[in-house]
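As you go down the protein sequences, you meet chains A and B in turn.
Under our numbering, the first residue of the first sequence carries the number 1, and numbering increases by one thereafter.
Under our numbering, the first residue of the second sequence carries the number 1, and numbering increases by one thereafter.
One should not assume that every hint holds.
For identical chains, the list gives no copy identity; a pair is met inside one copy or between any two copies.
[Unchecked claim] Restricting the straight-line Cα-Cα distance to at most 25 Å, the calculated cross-link-like pairs of lysine to any residue (SDA-like) are:
1. Lys98 / Ile110
2. Lys237 / Gly174
3. Lys237 / Met335
4. Lys98 / Ala183
These are computed hints drawn from the structure, not numbers from a lab.
2 protein chains.
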Amino acid sequence: MGAPQEPEVDVVTRDSSHNLGILLRHVHLSGPVSRAELAERMGLNRSTILALTAELTAAGLVSEQIPGGTGGRGRPSLVVRPRPGRVYVLAFDVAVDKLTAVRVELGGAIVDRHEAPRPRAGADLDLVVDVLARFGRQLYRTAPAGAICVGIGASYCGMIRPGDGVVRYGPDLGWVDQAFGTALSQRLGLGMPVAVGNEAHLGAQAEQQRGAGIGLQNLIYLHGDVGVGGGIIVGGKLLAGDGGYGCEVGHMMINPYDGRPCLCGSRGCFEAEVGERALLQNAGRPDSEFGRDAVRTVIDDADRGDPAAQESVRRIGDWLGIGVANVINLFNPGMVVFGGMLRDVYPAAAAEVRARIAVNVLPVARERVLLRTSGLGDNATIVGAAELAFAPLLTDPLGVLAGRESATVASGLGARRSA
Amino acid sequence: MGAPQEPEVDVVTRDSSHNLGILLRHVHLSGPVSRAELAERMGLNRSTILALTAELTAAGLVSEQIPGGTGGRGRPSLVVRPRPGRVYVLAFDVAVDKLTAVRVELGGAIVDRHEAPRPRAGADLDLVVDVLARFGRQLYRTAPAGAICVGIGASYCGMIRPGDGVVRYGPDLGWVDQAFGTALSQRLGLGMPVAVGNEAHLGAQAEQQRGAGIGLQNLIYLHGDVGVGGGIIVGGKLLAGDGGYGCEVGHMMINPYDGRPCLCGSRGCFEAEVGERALLQNAGRPDSEFGRDAVRTVIDDADRGDPAAQESVRRIGDWLGIGVANVINLFNPGMVVFGGMLRDVYPAAAAEVRARIAVNVLPVARERVLLRTSGLGDNATIVGAAELAFAPLLTDPLGVLAGRESATVASGLGARRSA
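Work out the full structure, taking the sequences as your base and the hints as a guide.
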C-alpha cells in the first residue's frame, strides 16, 4: 500500500521550481554544502541534484567548486555555495532605541548597514519612514553594479497585521493602525512591497534558522527592551494564532494584584515586571536614564556589589523566572533564547531564573530544556526581516529573478542605480 | 512553473490507501456526505471518488444510498455513510472522579458504556487497570457478532509519554512513571496496543473534530476538575512540544507571592486558584465535600443569593479570567472551550472572565475570540480517546481491517466473543 518510488524525471519536471527553492534554501542557510549532502538532505538522487544545481548556476545564484584539502579516496563531491554579488535584500528594523537598515546577500551576510538612534518623542510614521527610506536608497545606490534586489523586509516592535504590514498596535511608538509597510514601500520607490513582521516573531525565526537553536522544532525567543516581545516556534513553525497576533508573552499577567503599571494599560504584566523600567526604577536610578547602556550600568554595578542594583537584578530575575517557567509549562520547548536587553539581564540573573524553573516547572517538562542568550545578538530581529525578504526567492528562484530583472529594466531603476 | 495537473489514474494508484483514509475520515467525522461534496472537499474528480467509495463499500466500511426528498434537477449525488456494525473501537477514561469505558462505532456513536466512581484512595495502577479491563472485555463480548475491534484508546488525567502510554506524572492519582498503556493492553488480552493520551489534549482534539469548535485552526480547551488541564490546538494541530508535555495551563503561575498551594508542590498556579478546592474552600464548605456535585451546589447556592458562595464564584471567575486572558494573549485563538467542572463555573462567572479579558487582553487579540462551554460535555475526553483509537484505520483502512481480521481468526478471539 506504500507509495511506490516515482521516476526521477517526473520529479524534476513536476516539482522543479519547488525543488530549486529548497536547494537554494539549503545553500542560503547552511553555506557551502556538497552535492552529496544536498542529495541526502533532500532525498533526491545525485543526477537530480546535478540538474537543479546547473539551473541555479546558470541563473548566477550559486557557484560550484572542488572542496580544498580533503585528498580522500575517489572524486570529491562538488561544493555548492551562494554566488556573491548577484542578488540581495534590504532589511529594516524599527526598534525601541534605534532605526536600522542593512543590505544582506544570499547566504545571509550583512554587507552594508546604516543606523540612527530613534528619537524617543515624535517618532511618527512619517519620520520613521523618512529615515528608513533614506537609508534604503543609499544601500540600493551603493550596491554592486548588476546586483539585483529581490526583496525587502522590515521588523517592527509591535503587532503587525499579516499580509499588508499594517502596525495594529505599537505601544512603544504610540502607533495604532498605521500602514507602515505600504508607506515605506512607496517612499523607497523601488517598485517592491515591504514584508513586515513583529520583531520577536522574526527574532525567533532567525534564531531557529541561523542562531542559537538551529533546526529546533520548539523554541521560545524572548526579546526584552522597554517591553518584552515573544516569538514562539511550535512544531517548526511560528505560532501565529488566528490573526497573526499570538506570542504576546509580554502581556501574560503574573502579578495581578500588586503589579507595576504596564504600557498596555493593565498592571502586573510580565513585561512590566521584567522590562527596562522595572530594572532601572528598582535600582533607584533617575527617570532620565533609559536604554541599553543604562541597563548595562545597573548590571555592572550589581557585579561590583552595589546593593540596590543587586536587589533590582535579583527581583527582575525572579519575575523573569516565573514568566519563563510559565512558557516552559505551556510549550515544552527545547530551548528558551534571551534576546534584546535580556541578553544582558539573563546571565546576571540566571540563578534566580533556574530556581524558579526548578520549583515551578513540572519535572517532565524541564528534563531537557536549554536556556541560551541570542546567537545572533542585536542582529536577531533584522536577520529575521532579511529572511522574510528572501522568502519569495527561496520559493521560486527563477521566477522571482526573472520578474525583478524585467522590472528593473522597465523602470530604469538599473540605470539610476549605476548613475 | 506551477505543478501541472497529474493524470487521475496516477493519483488513484499512488495515493490509494492515503485517499481511502481521507475519504473515510470525512464520512466518519461529518456523517452522511454526498459524493459530490467529497469530490469538492478532497479536490478529486467524481470518478476517483466513485472508485474509492467502491473499495470502502466492498470492505463493508461504508454504504451508499440515494438521499431522500430533494427532488431537484438531474440525478442526485449518492450519499456515503458509515456502515453500522462492521468496525468499532474501545475507549477508556481515567478521570479524577470516575472510570469509564465505551464502545464507539465508525461515525462516532457511543453505542455501549460502563462506568464506576473512582475510589479517591488506593487507586493504584492495578486497581484502575482491573476495573477498566473488566469493562472492556464486557464491551467486547457484547459487541454484535462479526463486528471487528480496530483500535483501543484511553484518556488519562496526567502527563503521558507519547508512543508507549506511560503515565509520567499523574498528581491526582499519585502516579509517577506507570506503564498504564501496556498494563491495560495486557489485562484486556485482545492482542492490541492501547493508545493513551492526556485528557485535556484529547478533549481539545475532540472539540475541534466533533464539538464546539469544529474545524477551527486555533482553539484552547480547558478541562477543570481538581486541577485544570489544557489542550491547545495551534495551526490545526495539538501543541505537543518537544516531549509531548506541552499545554500545562494548570501550572501557569498567576499568583506567585500570595497563592494557594498546588498539588504540584508550588503555589499560585492557575489550577490552584480556580480548581474545585479553591471554589469549595472559598465558599466555606467542609473538607468532606468534593466532586462535581459539590461544585454545582456552590454555584446553585450563589444563584440563590448565598453571599459566601457568590463571593467564591466571583473570586474564581476573576482568576479564571486572568488565566484565560493570558492564553488568549499567547495563542490568539479563535475559541476558548470550557470543559469538565468549568462547564458549570464559566457560565456562573462569565462576567468576571469577560471583564478580565477586556482589561488584560490586547485589543487586536480579543477582536474575534469566542468563549464556549464544551460541545461534547462530559464525553469530550473519551470521544478524544476513541478518535485516537480510530486513527490507524483512518490512515490505512483496508490494511488495518485485513490485519485485524486475520489476527481475530488466528487467536480464536472471534470464537470467544460469540461464545
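Here is how each hint holds up against the structure:
no.: 1; hint: Lys98 / Ile110; in the structure: within (17 Å within a copy, 61 Å between copies)
no.: 2; hint: Lys237 / Gly174; in the structure: neither (29 Å within a copy, 35 Å between copies)
no.: 3; hint: Lys237 / Met335; in the structure: both (14 Å within a copy, 21 Å between copies)
no.: 4; hint: Lys98 / Ala183; in the structure: within (19 Å within a copy, 60 Å between copies)
Checked against the numbered hints given earlier, this structure breaks only hint 2.
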